[in-house]
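Protein sequence lines correspond, in order, to chains A and B.
186 is the number that our numbering gives to position 186 of the first sequence; each next residue is one higher, with no gaps.
Here our numbering = 1-based position in the second sequence + 236.
Don't read these hints as lab results, they were simulated from the structure.
From a predicted model like this one, the values you see are computed outputs, not experimental measurements.
Any given hint could be a false lead.
[Stated by the list, open to error] The calculated DSS-like cross-link candidates involving lysine-lysine, where the alpha carbons are at most 25 Å apart (straight line), are: (1) B/Lys321 x A/Lys206; (2) B/Lys264 x A/Lys111; (3) B/Lys324 x A/Lys214; (4) B/Lys321 x A/Lys214; (5) B/Lys324 x A/Lys111; (6) A/Lys110 x B/Lys258; (7) A/Lys110 x B/Lys324; (8) B/Lys264 x B/Lys317; (9) A/Lys110 x B/Lys264; (10) B/Lys258 x B/Lys317; (11) B/Lys295 x A/Lys214; (12) A/Lys12 x B/Lys264; (13) B/Lys258 x A/Lys214; (14) B/Lys249 x A/Lys214.
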Amino acid sequence: MAHSTAEPVSAKTAWSGGVAPYNISWGKMMMWFFLVSDALTFSSLLIYYGASRNTYRVEGNWPDPDTVFNHFPFIEAHVPLAFVSLMTFILIMSSVTMVLAVEAGHRFDKKRVIFWLVLTIIGGLMFLGSQAYEWTMFITGTHDGRPLPDGSVLRGAGLTQNEYGHPLFAQLFFFITGFHGSHVFSGVVLNVITLIMTLRGVFERKGHYEFVEKVGLYWHFVDLVWVFVFTFFYLI
Amino acid sequence: MELYDSYHQHLHKVGDPIAPPKTRWIWKVFWYLLAVTLGEVGLASFNYYGNMGWDAWLKPTFILLTLLKAYFIIFSYMHLKDERKNFKLTLGFLIIILGYFIMLMMIEGYYQTQIRLMFPDFLKQTMGGHH
Numbered sequence: 001m002a003h004s005t006a007e008p009v010s011a012k013t014a015w016s017g018g019v020a021p022y023n024i025s026w027g028k029m030m031m032w033f034f035l036v037s038d039a040l041t042f043s044s045l046l047i048y049y050g051a052s053r054n055t056y057r058v059e060g061n062w063p064d065p066d067t068v069f070n071h072f073p074f075i076e077a078h079v080p081l082a083f084v085s086l087m088t089f090i091l092i093m094s095s096v097t098m099v100l101a102v103e104a105g106h107r108f109d110k111k112r113v114i115f116w117l118v119l120t121i122i123g124g125l126m127f128l129g130s131q132a133y134e135w136t137m138f139i140t141g142t143h144d145g146r147p148l149p150d151g152s153v154l155r156g157a158g159l160t161q162n163e164y165g166h167p168l169f170a171q172l173f174f175f176i177t178g179f180h181g182s183h184v185f186s187g188v189v190l191n192v193i194t195l196i197m198t199l200r201g202v203f204e205r206k207g208h209y210e211f212v213e214k215v216g217l218y219w220h221f222v223d224l225v226w227v228f229v230f231t232f233f234y235l236i
Numbered sequence: 237m238e239l240y241d242s243y244h245q246h247l248h249k250v251g252d253p254i255a256p257p258k259t260r261w262i263w264k265v266f267w268y269l270l271a272v273t274l275g276e277v278g279l280a281s282f283n284y285y286g287n288m289g290w291d292a293w294l295k296p297t298f299i300l301l302t303l304l305k306a307y308f309i310i311f312s313y314m315h316l317k318d319e320r321k322n323f324k325l326t327l328g329f330l331i332i333i334l335g336y337f338i339m340l341m342m343i344e345g346y347y348q349t350q351i352r353l354m355f356p357d358f359l360k361q362t363m364g365g366h367h
């Protein structure tokens, strides 16, 4: 990497204009700042979830995620944590392929960039499909459901009520995973755009593959948020 | 415009020989991430199938392992360790605030649980029954 970050920049002139004080390109720096702001948004949602859970768990009205999220495709048994661990693995793998694409971009290896970008897109789409499966199982509900006072049985989950417990549980699940899922989707769209630009040789003409690096930052952020959602929603 | 663009311009012409990949560190970090994730899932599974009395330090362990994963992803995969120190501090300050929020959430959450355990009826009366 021909980054001149090792060169010392004099403190007197660093902020006088005409140089980049952090020795980082504008686009990359702005991407970092956006990611930090987005991190704070996701944190606020997760903190709201944590507060709600502690408030209503005492009354016994908050479901245990291990008893709600225990489905696995093609398997009839109840396996808590298995599917969501698979989703975490898929997203981490796609992060690995993304950083491999960035590394190939540093060496101007166009064929490898394309190869790793395609794998990253596939990983992202696999994650979105898995999330759709989780939502479907969650919305459909269990066979028993929850008997209501008027005699009927409530099955599944919606935005106003759900069979598992307090309404906030389903509302927060949909909002947090939905907000994260829309980030994954936009990340996949960005990756497709990057792939098309690579195929057309835009970066070879430009002389650098920094676009891949910036989209890579976004993609790693999406993975990072999922790691935190996985911990605070399913583990704790 | 040139100043704020990438610093990699004109390093490579089409048709120049391409260097071999240096990806060992990427796979090393991947194995670390996989190990930490499997550890977390294993810990959670053990706890689900039989209460081992680990509750006191189970949550902090999960949070620490997650922060460890976050450290790997941010510093290695997002290349933050290659940036200037001052830029790392700019972001690091905000990440420290985030850590403070996580701690706040744990402490306030603990308070919420305890106060509701201690005064279940009193809170229902004062909060109008909904909380």
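Okay, the hints, checked on the actual structure:
1. B/Lys321 x A/Lys206: Violated: B/Lys321 and A/Lys206 sit about 28 Å apart, past 25 Å.
2. B/Lys264 x A/Lys111: holds, 23 Å
3. B/Lys324 x A/Lys214: holds, 17 Å
4. B/Lys321 x A/Lys214: Distance ~20 Å between B/Lys321 and A/Lys214 Cα, so the pair holds.
5. B/Lys324 x A/Lys111: violated, 32 Å
6. A/Lys110 x B/Lys258: holds, 15 Å
7. A/Lys110 x B/Lys324: violated, 30 Å
8. B/Lys264 x B/Lys317: holds, 16 Å
9. A/Lys110 x B/Lys264: Within the cut-off at roughly 24 Å; holds.
10. B/Lys258 x B/Lys317: Status holds; Cα separation ~17 Å.
11. B/Lys295 x A/Lys214: Since the Cα atoms of B/Lys295 and A/Lys214 sit roughly 34 Å apart, the hinted pair is violated (cutoff 25 Å).
12. A/Lys12 x B/Lys264: The hint is violated at about 40 Å.
13. B/Lys258 x A/Lys214: Status holds; Cα separation ~20 Å.
14. B/Lys249 x A/Lys214: holds, 22 Å
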